[in-house]
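Undergrad: Sequence:
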Amino acid sequence: MYSDHVHHLLHRLRAEQLRREAAHRHRRAQPLRTRLGWRLVEVGLRLATPRVPHVPRFD
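Count along the sequence shown starting at 1, add 8, and that's the number in the working numbering.
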């Protein structure tokens, strides 16, 4: 009976710890995903834009 109580207590503590870690990781993942998305948009725009040959200017 004592071991059942300890088992459930440890289980509850570990579950709370995992929930906190998951919430922390979710908050940090979104800005990274956003930055990666915008970086891919930037690369796509560079690839889609035709290059203009560089002509030296003599002023």
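For the record, the hints were derived by calculation from the structure and aren't laboratory data.
Where a beta carbon is used, it is the ideal one built from N, C-alpha and C, also for glycine.
Keep in mind that the hints are not guaranteed to be accurate.
Ranges between beta-carbon positions, derived for each pair [what the hints assert, rightly or not]:
| id | residue 1 | residue 2 | range |
| --- | --- | --- | --- |
| 1 | Glu-50 | Ser-11 | 34 to 40 Å |
| 2 | Arg-54 | Arg-33 | 28 to 34 Å |
| 3 | Thr-42 | His-15 | 40 to 46 Å |
| 4 | His-13 | Val-51 | 52 to 58 Å |
| 5 | His-16 | Gly-52 | 50 to 56 Å |
| 6 | Arg-27 | Leu-48 | 48 to 54 Å |
| 7 | Ala-30 | Arg-65 | 37 to 43 Å |
| 8 | Val-51 | Leu-18 | 44 to 50 Å |
| 9 | Leu-55 | Arg-33 | 45 to 51 Å |
| 10 | Arg-54 | Leu-18 | 52 to 58 Å |
Undergrad: For His-13 and Val-51, compare the CB-CB distance with the range 52 to 58 Å and indicate the outcome.
TA: Given a distance of about 57 Å, which is inside 52 to 58 Å, the answer is holds.
Undergrad: Between Val-51 and Leu-18, does the beta-carbon spacing fit 44 to 50 Å?
TA: 48 Å, holds
Undergrad: Is 50 to 56 Å right for how far apart the beta carbons of His-16 and Gly-52 are?
TA: 52 Å, holds
Undergrad: Does the Cβ pair Arg-54, Arg-33 satisfy 28 to 34 Å?
TA: Check passed, 32 Å falls within 28 to 34 Å.
Undergrad: Between Glu-50 and Ser-11, does the beta-carbon spacing fit 34 to 40 Å?
TA: With Cβ atoms ~58 Å apart, the hint is violated.
Undergrad: Take a look at whether the Cβ-Cβ distance between Arg-27 and Leu-48 falls inside 48 to 54 Å.
TA: 32 Å, violated
Undergrad: Starting from the hint 52 to 58 Å, judge whether the C-beta atoms of Arg-54 and Leu-18 obey it.
TA: At 54 Å between Cβs, range holds.
Undergrad: Is it true that Thr-42 and His-15 lie within 40 to 46 Å of each other by Cβ?
TA: Once the Cβ atoms are compared, 42 Å apart, the range 40 to 46 Å for His-15 and Thr-42 holds.
Undergrad: Given a hinted range of 37 to 43 Å, is it respected by the beta-carbon distance of Ala-30 and Arg-65?
TA: 57 Å, violated
Undergrad: I want to verify a distance hint. Is the separation of the beta carbons of Leu-55 and Arg-33 within 45 to 51 Å?
TA: 32 Å, violated
The structure does not agree with the numbered hints 1, 6, 7, 9 stated previously, though it agrees with the rest.
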